[in-house]
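Sequential numbering of the sequence shown, starting at 1, is according to full-length UniProt numbering.
What the hints contain is simulated information worked out from the structure, not anything from laboratory work.
Careful, some of the hints might be misleading.
Claimed, not checked - Here are the simulated DMTMM-like pairs of lysine to aspartate or glutamate, each with C-alpha atoms no more than 20 Å apart in a straight line:
1) K32 to D94
2) K131 to E142
3) K28 to E142
4) K14 to D26
5) K131 to E29
6) K28 to D89
7) K198 to E3
8) K52 to D89
9) K14 to D94
10) K223 to D41
11) K14 to E3
12) K28 to D232
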Amino acid sequence: MIELKTPKEIEAMKPAGRFVGGILRDLKEFTKVGTNLLEIDEFVHKRIVDRKGASSCYVDYAPDFGTGPFAHYICTSVNDAVLHGVPYDYNLKDGDLVSLDLAINVDGWVADSAISFCVGTQHPDDLCLIKCTEEALAAGIEAAQPGNRLGDVSCAVGDVAREYGYPINLEFGGHGVGHIMHGDPHVPNDGKAHHGYKLRPGLVIAIEPWFLKTTDEIYQDPKDGWTLKSEDGSRGAHSEHTIAITENGPVILTVRD
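Using the sequences plus the hints, can you model the full thing?
Okay, here's the thing in structure tokens:
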């Protein structure tokens with residue numbers, strides 16, 4: 001069921017968005033060559049504990065696309081891992097491509113966002129892939145105008161991926177956000193313009209382009225039952241914002257300023 005928020009409810013969602021965006025901004029500064037993925041997880045855990053009214057959306061989360069409850073506070077996906085990465089005892093190496101995906105509930109409202117970046121040496125191919133996800137995200141947000149269709153958002157995201165020449169996987173994408181992390185509607189990373197659900201003020205969605213360099217095929221890492229990796233070992237990147245559609249257009253809730 002698709003729920004529309006009132007202007008007052010959208011205002012109430014903004015603290016969660018700023019909190020998530022601020023943590024991701026700080027984590028990008030914190031994360032260096034040698035940083036352990038479990039240190040990143042603990043960084044988030046401490047921020048949540050220190051914030052009154054905040055709780056993790058991930059700890060004990062057990063959807064049908066995972067194996068058992070998730071036991072960490074953030075998703076950390078490295079190199080050929082692109083989604084749902086489980087933090088583990090790994091020290092980041094020079095040139096690693098890191099994707100961090102974070103969802104937190106603050107006072108009953110959820111915000112969800114993701115960033116990708118390189119630590120140490122920045123390889124041009126990785127930077128190009130990251131840039132593609134960021135431009136696709138910006139295009140999707142721009143298309144999220146009241147009166148447009150959900151297919152306009154998906155098509156805008158997919159068009160950017162096609163311009164760069166990256167394959168597109170439609171299995172996982174964006175989603176509705178509100179009192180829960182994953183709600184209706186599903187927001188695929190490609191679609192047909194002028195088709196689908198009509199966008200209305202009050203709709204809050206996460207738009208999350210993610211692409212792999214040379215494949216659209218993924219598999220679930222059997223070691224943790226969660227982490228999604230590329231079938232051919234190629235690297236992936238992921239960008240995401242939670243946005244609200246208003247009478248005046250889309251508003252990014254997970255700002256990182």
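Which of the numbered hints above does this structure break?
-> 3, 8, 9 and 12
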